[in-house]
Amino acid sequence: MKAMPNPSVRKTWSALGTYLLLTLISLIMIVPFIWMISTSFKEPQSIFTYPPQWIPDTFRFQNYIDVFRLIPFHRFYFNSVYIAAVVVLGTVFFASLAGYAFAKIPFKGRNVVFLILLSAMMIPHEVTAIPMFLFMRQLGWIDTHLPLILLPIFGAGGVFGIFVMRQFFITVPTELEEAAMIDGCNRFRIYARIMLPIAKPGMATLTIFTFVTIWNEFFDPLIFTNSRELMTLPLGLSLFTDEVGTAWQYLMSATVMATLPLLIVFFLAQRRFIEGVAMTGLKE
Amino acid sequence: MNHSRKRTGRGPLAREAQIAGWLFVSPMVLGFTLLLLFPMGLALYMSLTDWPLLGDHHFIGLENYRNVMTDAMFWKVLANTVYFTAGLVPLNIVLALLLALLLSRSLRGIGIFRTAIFVPVMTSLIVWSIVWKLMYATESGLINQLLLMIGIKGPAWLYNQDLAMPAVIVTSVLKNVGLNMVLFIAAIQQVPRSLYEAATLDGAGRRGTFFHVTLPMITPTVFLTMVMTVIGSLKVFGQIYVMTQGGPSNSTKVLVYYIWEKAFKLFQFGYASSLAYVLFFIVLILTLLQWQLRKRWVFNEGDA
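These protein sequence lines are chains A and B, in that order.
Take the first sequence: its letter number 282 is residue 281 in numbering that gives the first Met the number 0, and every next letter is one higher.
Take the second sequence: its letter number 298 is residue 297 in numbering that gives the first Met the number 0, and every next letter is one higher.
Chain A with its partners taken away, still in its complex shape (with noise of 0.2 Å):
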């Protein structure tokens, strides 16, 4: 190994060790969806048939249309968008109206409530999980979606998007907040017609942020939620595999349904939300 004199042989090998690791590891990542969409098209009998196999003899493509004959996979899928579209737009519109007054508005008491509100962020949901319950309980709102809608937007979500949404409010110059004033602009005027338009990114960030949230949430809707009717999509694939004794071929068409969304979004938005992560991250 030591004897490596040449610079760029040693620089060449190290490029190519460093691609032979990173396909290595990519490969781990990624195996786990081929397997689900391979397994997703398979026979029965052919799921665990030795030596493996990635591509099936015959796709059946069947599986696909038997998931929504037995479960009420359409209402899952209907549930899951439904909720998270309204979540996102609740999340960013509550938060970037407390995100802009924490950044711009000189109010008194500002910094305390947005202390308060950042240090609740710790508080974990198992803790208000249970009162929350019985609170529900007693409007009659178990098993319907208001909690699912509710809690993200309010609990620790909404505080994480105001977090977000002031970190781009601030950027903004207040030059530029003075001369809309003066040219008699009120404050929502100037929320909703200069810095909604500035704070374009933030918004972007945060709606993904959000919807890749609530898509995979799980816990909440093991908690509020006991018909099938009302059931989201992690929830019902959950449900799926105790019931059916784990027909892993429908589990896994099921599996590359629920999961087709979240892939589309994350291609068409992957450097936005990278640089999103990279930035909320950072500025905690």
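For the record, the hints were derived by calculation from the structure and aren't laboratory data.
Idealized CB from N, CA, C, for every residue including glycine.
Residues from chain B shown here face chain A by an in silico Cβ test under 10 Å; the list is partial:
#1 A13
#2 I111
#3 S128
#4 T170
#5 R205
#6 I230
#7 F268
#8 A271
Starting from the known structure of chain A, fit chain B onto it as the hints suggest.
Leaving out everything else, chain B in the frame of chain A:
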């Protein structure tokens, strides 16, 4: 108090700011008070009662907490939680750092690798766990099939008391390593070029550069990431729920799983609340510790 008065000033514009400011934050503050602060207080009260699903509750003082301390299962799940955390955190941080170092170099096709490693972060934990459960299947899961090809008869990964937890740890590391990796890449890219140039002039090799330039410059991120990962690990639930349900023989039953079981399967809300508060105190201590230690050994704090 005086300071803030000076800053906010007087006059109609200042008064307008008071009203507007509070109006803008009121929906969030109201929702937050109702859905986070109020339940936080109620949970504390519940932890001091014998709160059942139906019927009256009685104030029993610290009895729940006393029971927690003598509950053998609590110590078991606490040990499991610590095991999970102690296994996951070093693996996750080291792998994330290694990957960040490799991926912050300018190589062709680097985007593909970054994406491949980041995709599991995006995927639902439940989906990831379900697929890994299939991969771990005893007789004919992919892992054991691959092992068989090199002549090894694989074990029953998730049904073996000694192997279930390590198996869950490995899948959890792979699930989330991309997140820490991205944070590290961002931090590494912010290290001033001039420091590397100086190190090269001083004749530092790649290893020397890493330990004397890169690592000291990114300690704030490493530290933050470490604390966040520890806190996240203490709250592990989804992968346990899907992959092992706490088994075999409670070897993977972790704190949050136990809380969920007590609260939402057995409806012992009082006892579950006290367990949840124990979790809260652990998180609180870690967070405070982070603030204390930060000042001490995090390099370059003042410049940030």
